[in-house]
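Here is how the chains run, residue by residue.
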Amino acid sequence: MKKYLKNTWDALWTIFIGMKVTWKHLFIPSVTIQYPDEHRPIPDRARNRLYVNIDDCIGCMQCQRACPVDCIDIKTVKALPTDELGLTSKGTKKALWVTQFNIDFAKCMYCQLCVFPCPTECITMTKVFEFSEYEREKLLYNFSNLTLSEVKEKEENYAKFMEKKAAEKAAAAKAKAAAEAKAKQESEKKDNDNKPSSEEKDS
Amino acid sequence: MYDLLTNLLGNQIVAYVIAASLPLIFVLTFVLFAVLAERKVSAHMQDRLGPMRVGWHGIIQTLADMLKLLQKEDIVPEGADRPLFNLAPLLTFLGTYAAFAAIPFAGIYVGSSTAIGIYYITAVSGLVVAGLLLAGWASDNKYSLYGAMRTAAQIVSYEIPTAIAILTMVMVSGTLSLMKISDMQTAHFWNWWILGGPETGIVKFLLIPFMIITFLIYYISSLAEVNRTPFDLPEAESELVSGYHTEYSGMKFAFFFLAEYANMFAVSAIAVTLFLGGFHSPIGYLGHSLGIDWLIPVEQFFWFAFKGTALVFVQMWLRWTLPRVRVDQLMVICWKYLIPYAVVNLIIVGIITLL
Amino acid sequence: MELYDIIFYLIALTVVVSAAIVVGSKNIVRAAYSLLFTFLGVAGIYILLGADFIGVTQLMVYVGGILILLLFGIMLTNKVYSVDIRRENSYIIPSIVIVGIFAAFLIFVMTETNWVTADPTFPNTTVFELGKTLLVHYSIIFEILAIVLLIALIGAATLARNDNKER
Numbered sequence: 000m001k002k003y004l005k006n007t008w009d010a011l012w013t014i015f016i017g018m019k020v021t022w023k024h025l026f027i028p029s030v031t032i033q034y035p036d037e038h039r040p041i042p043d044r045a046r047n048r049l050y051v052n053i054d055d056c057i058g059c060m061q062c063q064r065a066c067p068v069d070c071i072d073i074k075t076v077k078a079l080p081t082d083e084l085g086l087t088s089k090g091t092k093k094a095l096w097v098t099q100f101n102i103d104f105a106k107c108m109y110c111q112l113c114v115f116p117c118p119t120e121c122i123t124m125t126k127v128f129e130f131s132e133y134e135r136e137k138l139l140y141n142f143s144n145l146t147l148s149e150v151k152e153k154e155e156n157y158a159k160f161m162e163k164k165a166a167e168k169a170a171a172a173k174a175k176a177a178a179e180a181k182a183k184q185e186s187e188k189k190d191n192d193n194k195p196s197s198e199e200k201d202s
Numbered sequence: 000m001y002d003l004l005t006n007l008l009g010n011q012i013v014a015y016v017i018a019a020s021l022p023l024i025f026v027l028t029f030v031l032f033a034v035l036a037e038r039k040v041s042a043h044m045q046d047r048l049g050p051m052r053v054g055w056h057g058i059i060q061t062l063a064d065m066l067k068l069l070q071k072e073d074i075v076p077e078g079a080d081r082p083l084f085n086l087a088p089l090l091t092f093l094g095t096y097a098a099f100a101a102i103p104f105a106g107i108y109v110g111s112s113t114a115i116g117i118y119y120i121t122a123v124s125g126l127v128v129a130g131l132l133l134a135g136w137a138s139d140n141k142y143s144l145y146g147a148m149r150t151a152a153q154i155v156s157y158e159i160p161t162a163i164a165i166l167t168m169v170m171v172s173g174t175l176s177l178m179k180i181s182d183m184q185t186a187h188f189w190n191w192w193i194l195g196g197p198e199t200g201i202v203k204f205l206l207i208p209f210m211i212i213t214f215l216i217y218y219i220s221s222l223a224e225v226n227r228t229p230f231d232l233p234e235a236e237s238e239l240v241s242g243y244h245t246e247y248s249g250m251k252f253a254f255f256f257l258a259e260y261a262n263m264f265a266v267s268a269i270a271v272t273l274f275l276g277g278f279h280s281p282i283g284y285l286g287h288s289l290g291i292d293w294l295i296p297v298e299q300f301f302w303f304a305f306k307g308t309a310l311v312f313v314q315m316w317l318r319w320t321l322p323r324v325r326v327d328q329l330m331v332i333c334w335k336y337l338i339p340y341a342v343v344n345l346i347i348v349g350i351i352t353l354l
Numbered sequence: 000m001e002l003y004d005i006i007f008y009l010i011a012l013t014v015v016v017s018a019a020i021v022v023g024s025k026n027i028v029r030a031a032y033s034l035l036f037t038f039l040g041v042a043g044i045y046i047l048l049g050a051d052f053i054g055v056t057q058l059m060v061y062v063g064g065i066l067i068l069l070l071f072g073i074m075l076t077n078k079v080y081s082v083d084i085r086r087e088n089s090y091i092i093p094s095i096v097i098v099g100i101f102a103a104f105l106i107f108v109m110t111e112t113n114w115v116t117a118d119p120t121f122p123n124t125t126v127f128e129l130g131k132t133l134l135v136h137y138s139i140i141f142e143i144l145a146i147v148l149l150i151a152l153i154g155a156a157t158l159a160r161n162d163n164k165e166r
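Sequence order for the protein chains is G, Z and L. Just so we're aligned: 34 in numbering that gives the first Met the number 0 is position 35 of the first sequence, and the numbers increase by one with no gaps anywhere. Just so we're aligned: 235 in numbering that gives the first Met the number 0 is position 236 of the second sequence, and the numbers increase by one with no gaps anywhere. Just so we're aligned: 126 in numbering that gives the first Met the number 0 is position 127 of the third sequence, and the numbers increase by one with no gaps anywhere.
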């Protein structure tokens, strides 16, 4: 009987204690934040979306080689000697048109391995982490600042340049060949004259 | 009330229809805000903020939810008994809404000031059990059936302490009419039955502790009757995936929701009427002191809604304080604690009233 | 009294139709739920006749108690997930004959009896008189009935009890 009454009392009393606790919590300011409106500070070394400062990129493809999942796809075209590409912020001379700098963030695993090899520090981690998309294709980011027509132009220029160069080279080679042929004829003549010397050499 | 409406509208049938739908307007508005309040109270008790995006501090969140529910596809399971499946939400809401017919909201606003009001309310709450049992059976889902069985067992068990607590009040007040019980507790809060009622002298002071016990017994068992935590076993999400309304979607689910929240207010309203002075103001009426007659019913309605909502708030408060009890604990609480206390209390109060 | 008549016929229709479903339905759960509407209708008729206490008691006892018990019985004893919860209507012709004879007898009695018309004014409430009658004039019978029910309850509990000592 005593236990019975004590149980009843305990039940009621503990309920009131619990209610006191919840009542206090009713007035505690919320510990959560309204996420899309407010953000938590992101840690300094957080690894999020990559950013490429394409003005600094020299197209060395170090990052592409470093990437463990092959999500970086770079294409470059050699610049003509007449093109003025400017310098990177570190003072390195750029020699390549970066016609394509694709990073597929659907594949990227945010390991930061591409950041360290970059000689000009142009590929960096940003603090942006909310970039979900409805289509996977939209996660393919192209950082190159050349338009398609520009890319085509550069490629054609380079092709022309190469053709020209090849033509020049061919011409040069022809000229050289002709010169060589001439030289040969001359040397043959000389050979006949200097036969003993060659014999000397043989012996 | 009917005379007033008949005089106003000139037609008896229209007056009846209007009188019958007035509580519905109140219930719908109440549910709209109670659902939001539940979410807000739960959020703040867990140091969260709750819905914040629809309207200022999410004030019209429930309206948005309602629109969503209205648009939802009405799914009936393949194995379900279609007519019974469709009948269940209606029956459940019918049982709940029927109780509102006898609840006095204000001096002039009561569906039926019948002389057997409280007995009628106890009787029609049986319809809710039938509706829930039907929902569980017609869903053709074992979890729903378990939920329905638990509901029926729980409500049928807890009807006993509820009935005995109500019986105590009926014995003290000497009437079954809720209107008369309300009118006994007029004027000031020390006339409330929980504080001894309009009795005088030693009887009043002897009654107070036993009235508080009666109130506690009624309140605890009414919690079980409306399936609120800590007695929410029938719709235990973690065990039974919401029990009897697992298979319901769209508007039918909304009906169960409506019935649940309306029921919460109904039991609170009965507690208010029996113990906390009904629709009467605890501090006197402004209408009397200012001499404005039409203000009095408005004040009465305000006090009734205020007290009822306060008790609903306590239900929510308890929900976020206490964990769910086990089935055996549920039965122990009912049969080994509440019923003996209620019976002993009934006898003691009977002896006191004889003094 | 027009509204009164309309309500009476509506309720009577509910009672008759749902009772027909109780008899005719092959699905026993549907039959049980039709019985619910029959009980509701009968309670409504009681209330229309001014016997509010009896009407609500009808609700309390039949809907809140007996029907729930019945449903519990159906749902616990049958295989719920099979279509076994059906029953056959057998002996249709003999039952129609017997019911017909009984109905004819009742109609004969109803038409032939000299009915005493009651006072058409309804009592405002029956509770007070009923309570006085039950607890003053027939208090001994009332108490004995209560004790009989208590004995039935205790007996059922004793029979249902699983006594481990005897095993």
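For the record, the hints were derived by calculation from the structure and aren't laboratory data. Wrong hints could be hidden among the right ones.
Below, computed lysine-lysine pairings styled on DSS-like, alpha-carbon distance capped at 25 angstroms [unchecked claim]: (1) L:Lys131 <-> Z:Lys141; (2) Z:Lys335 <-> G:Lys1; (3) G:Lys153 <-> G:Lys168; (4) L:Lys25 <-> Z:Lys179.
Quick caveat: nothing in here was measured; it's all calculated off a predicted structure.
Against the structure, the hints come out as follows:
| no. | hint | result |
| --- | --- | --- |
| 1 | L:Lys131 <-> Z:Lys141 | violated (49 angstroms) |
| 2 | Z:Lys335 <-> G:Lys1 | holds (14 angstroms) |
| 3 | G:Lys153 <-> G:Lys168 | holds (21 angstroms) |
| 4 | L:Lys25 <-> Z:Lys179 | violated (48 angstroms) |
Violated hints, in rising order: 1 and 4; the structure is consistent with all others.
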